[in-house]
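These protein sequence lines map, in sequence, to chains V and X.
Residue 87 in the working numbering sits at position 87 of the first sequence, and the numbers go up by one each step.
Residue 74 in the working numbering sits at position 74 of the second sequence, and the numbers go up by one each step.
No lab work stands behind these hints, which were simulated from the structure alone.
Glycine included, every Cβ here is placed at the ideal spot set by N, Cα and C.
Treat the hints with caution; some may be incorrect.
As the list claims (entries may be wrong) - 30 Å max Cα-Cα, derived DSBU-like pairs, lysine-lysine:
hint : chain 1 : residue 1 : chain 2 : residue 2
1    : V       : LYS52     : X       : LYS15
2    : X       : LYS83     : X       : LYS11
3    : X       : LYS11     : X       : LYS78
4    : V       : LYS111    : V       : LYS54
5    : V       : LYS69     : V       : LYS52
6    : X       : LYS44     : V       : LYS54
7    : X       : LYS78     : X       : LYS62
8    : X       : LYS15     : V       : LYS69
9    : V       : LYS3      : X       : LYS11
10   : V       : LYS3      : V       : LYS52
11   : X       : LYS62     : X       : LYS15
12   : X       : LYS83     : X       : LYS62
13   : X       : LYS15     : V       : LYS3
14   : X       : LYS78     : X       : LYS44
15   : X       : LYS44     : X       : LYS11
Stated by the list, open to error - Going by beta-carbon spacing under 8 Å, a handful of chain V positions derived as facing chain X:
hint : residue
16   : PRO40
17   : PRO65
18   : GLY105
19   : PHE109
Stated by the list, open to error - Computed far set for chain X versus chain V, every beta-carbon distance over 12 Å:
hint : residue
20   : GLN6
21   : GLN41
22   : LEU45
23   : ASN52
The lines below spell out each chain.
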Amino acid sequence: LAKTTQPISMDSYEGQEVNITCSHNNIATNDYITWYQQFPSQGPRFIIQGYKTKVTNEVASLFIPADRKSSTLSLPRVSLSDTAVYYCLVGDIPTGGFKTIFGAGTRLFVKA
Amino acid sequence: EAGVAQSPRYKIIEKRQSVAFWCNPISGHATLYWYQQILGQGPKLLIQFQNNGVVDDSQLPKDRFSAERLKGVDSTLKIQPAKLEDSAVYLCASSLYPGQGALEETQYFGPGTRLLVL
């Protein structure tokens, strides 16, 4: 299983773009990259998922370089409500064997 | 659609007592997960069910923890006897099994049960 490494915490200000990078050097060919967001006293919530290049949805963008050994979650123009823990996960979905391993995540603090 | 339901939301027990948590997944979701999340850490998978069957319980402390998913829908997680280190939030999640049309194996989490063992 590919292990992921993320910064423990990050600070930002409202209106800024935030980029959180996740390292997954041992990612396998069939592995997808998934990001979850967790607010205090809530369960994690799916944000975005990708396999390669760039994926964008209404919440975030996910950038994955060609070697797929890292990925970057980009949150445009953050607000105070984006203060949360962000988890990067790597797993093999198509075979149904997606083993969910959450690391410690990145604690994002958005300041006014 | 209704989300993942869990009960109780909070529970305080003394060590060596037993406790049970209940989870009702999203309708139609074949896969159900139980996680333990200790304060300041990411969720740790305890057990994963595919319909009625166990897919992965490698991190479940089987000497004190047990889980079942009767009829492939609701699930219960039990701890007996509880230890101080079991104090944590217990999260239940569910997902569509790939092959049911799920493009992504998105896990939908419930609000969790916060357990305090004194």
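Q. Can you name, in rising order, the numbers of the hints this structure does not satisfy?
A. 1, 8, 9, 13, 16, 17, 19, 20, 21, 22
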